[in-house]
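Construct the entire structure; sequences and hints are all you get.
Using my numbering, you'd call the opening residue of the sequence shown number 1 and step up by one each time.
Hints should not be assumed to be uniformly reliable.
As the list claims (entries may be wrong) - Straight-line C-alpha distance at most 20 Å; calculated SDA-like pairs for lysine to any residue:
hint, residue 1, residue 2
1, K109, S94
2, K40, I58
3, K66, G162
4, K56, Q45
5, K5, A233
6, K5, R132
7, K213, A249
8, K213, P188
9, K66, F112
10, K168, M120
11, K66, V93
12, K40, T191
13, K5, E28
14, K40, E75
15, K5, I80
16, K168, I224
17, K213, D195
18, K202, R250
19, K109, G162
20, K66, L95
21, K5, G54
22, K5, I224
23, K109, H161
24, K5, A227
25, K202, I153
26, K202, F215
27, K109, G97
28, K168, Y235
29, K40, K56
30, K109, V93
For the record, the hints were derived by calculation from the structure and aren't laboratory data.
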Amino acid sequence: MLDHKGKVAIVTGGAQGIGRGITDVLAENGATTCIADISKEHGNQAVMDLEAQGRKAIFIEADFSKSESSIRVVEECTNILGRLDILVNNAGVSLGGNIDNENFEDVWKATFSVNLDAQMRLIRGCLSDLMRNQDGRIVNIASTEGLGGSARISPYTASKHGVVGLTKALAVELGPMGVTVNAVCPGPIHTGMTDYIPDEDKAEFARRRTALKRFGNPEEVAHITLALVLPSASYITGAAIPVDGGLTARNN
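Shown next as structure tokens:
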């Protein structure tokens, strides 16, 4: 009940940042991981690193802004590995801009295509496998932006609210089939998305906005994800869990 031996997991965006943390933690707990990522370089390196540790993993190159990628990843994964038990929808983009920007609708469409539409398509593609033994696990990586809002990133914020809504609706819909659906909502985490922020600005933001006064690490998000897909987590579904150092708990 406390490991993933014999289980197969797809982790989208699984070669970098939070996704790589999730991939590593799942593999350490016995799962065979299918890493679906846009970066061939990072994907191949992740597989090499895991195989060097005696873990089993495969890499499938995928651009989730393209609708066909989601179905292809599921088909290739199940053809190669023979089964599928866990889906972690982690791939995402963060594109900002004011609503009056000339290219706002293009940014909106590009954001939703990866952050929400791809998650929906991957879930649809995985359903028959996840329902087979009535113990499938889906974790959608959302954001604290899916629980609140910030200026100048409304496409990202709206897409993450969509992820939380999709999670709750599908938890109700798929519950009778034994499939659990949960969301993890990371706050300020050290990833490629935040690399551009100067360290002093990160420190100031964390001091003002989080209870723990620091940014988090991908592994801290990964371990919550791991807990949600364990066999022992069979009575947790429809949850949206912040991993944010207390950011959403603060009043200001």
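How the hints compare with the structure:
1. Taking the CA atoms of K109 and S94, the gap is about 12 Å. The hint holds against a cut of 20 Å.
2. Between K40 and I58 the alpha-carbon distance is near 12 Å, which keeps this suggested pair within the 20 Å criterion.
3. A hinted pair counts as satisfied when its Cα atoms are at most 20 Å apart, and K66 with G162 qualifies at roughly 19 Å.
4. Annotation: proposed proximity of K56 to Q45 holds, straight-line Cα distance about 13 Å (limit 20 Å).
5. For the proposed pair K5 and A233, the alpha carbon gap of about 15 Å is at most 20 Å, so the pair holds.
6. In summary, the hint linking K5 to R132 is supported, as the alpha carbons are separated by about 18 Å, within the 20 Å threshold.
7. This hinted pair checks out: K213 and A249 have alpha carbons roughly 13 Å apart, not beyond 20 Å.
8. Taking the CA atoms of K213 and P188, the gap is near 11 Å; set against the 20 Å cutoff, the hint holds.
9. Between K66 and F112 the alpha-carbon distance is near 11 Å, which keeps this suggested pair within the 20 Å criterion.
10. Our distance criterion of 20 Å between C-alpha atoms is met by K168 and M120, whose separation comes to about 13 Å.
11. For the hint linking K66 to V93, the alpha-carbon distance of about 13 Å falls within 20 Å, and the restraint holds.
12. Distance hint between K40 and T191 is fulfilled; the C-alpha atoms sit about 18 Å from each other, no more than 20 Å.
13. For a cut-off of 20 Å, the pair hint linking K5 to E28 stands: about 10 Å separates their Cα positions.
14. The straight-line distance between the Cα atoms of K40 and E75 is roughly 19 Å, inside the 20 Å bound, and the hint therefore holds.
15. With a C-alpha separation of about 17 Å, the suggested pair K5 and I80 falls inside the 20 Å cut-off, and the hint holds.
16. Distance check on the hinted pair: K168 and I224 sit about 18 Å apart at the alpha-carbon level, within 20 Å; holds.
17. For the suggested pair K213 and D195, the alpha carbons sit about 18 Å apart, so the restraint of at most 20 Å is met.
18. Of the supplied pair hints, the one linking K202 and R250 holds, its CA atoms being roughly 17 Å apart against a limit of 20 Å.
19. With a C-alpha separation of about 13 Å, the suggested pairing of K109 with G162 holds against the 20 Å cut-off.
20. Of the pairs offered as hints, the one joining K66 and L95 holds, with about 17 Å between alpha carbons and a cut-off of 20 Å not exceeded.
21. Distance hint between K5 and G54 is fulfilled; the C-alpha atoms sit about 13 Å from each other, no more than 20 Å.
22. Distance check on the hinted pair: K5 and I224 sit about 18 Å apart at the alpha-carbon level, within 20 Å; holds.
23. Straight-line distance between C-alpha atoms of K109 and H161 comes to about 15 Å, which keeps the hinted pair within the 20 Å bound.
24. Taking the CA atoms of K5 and A227, the gap is near 14 Å; set against the 20 Å cutoff, the hint holds.
25. Distance restraint check for K202 and I153: the Cα-Cα separation of roughly 18 Å lies within the 20 Å cut-off, and the hinted pair is therefore satisfied.
26. Proximity of K202 to F215 is assessed by CA-CA distance (about 7 Å); at most 20 Å being required, the pair is judged to hold.
27. Pair hint K109 plus G97 holds up; C-alpha atoms about 13 Å apart against a cutoff of 20 Å.
28. Note on K168 and Y235: the hinted pairing holds, with a Cα-Cα distance of about 14 Å set against a maximum of 20 Å.
29. Only pairs whose Cα atoms come within 20 Å are accepted, and K40 paired with K56 is accepted, the gap being roughly 18 Å.
30. Among the hinted pairs, K109 with V93 is consistent with the structure: their alpha-carbon atoms are about 11 Å apart, no more than 20 Å.
When the structure is compared with the earlier hints, no violation turns up for any of them.
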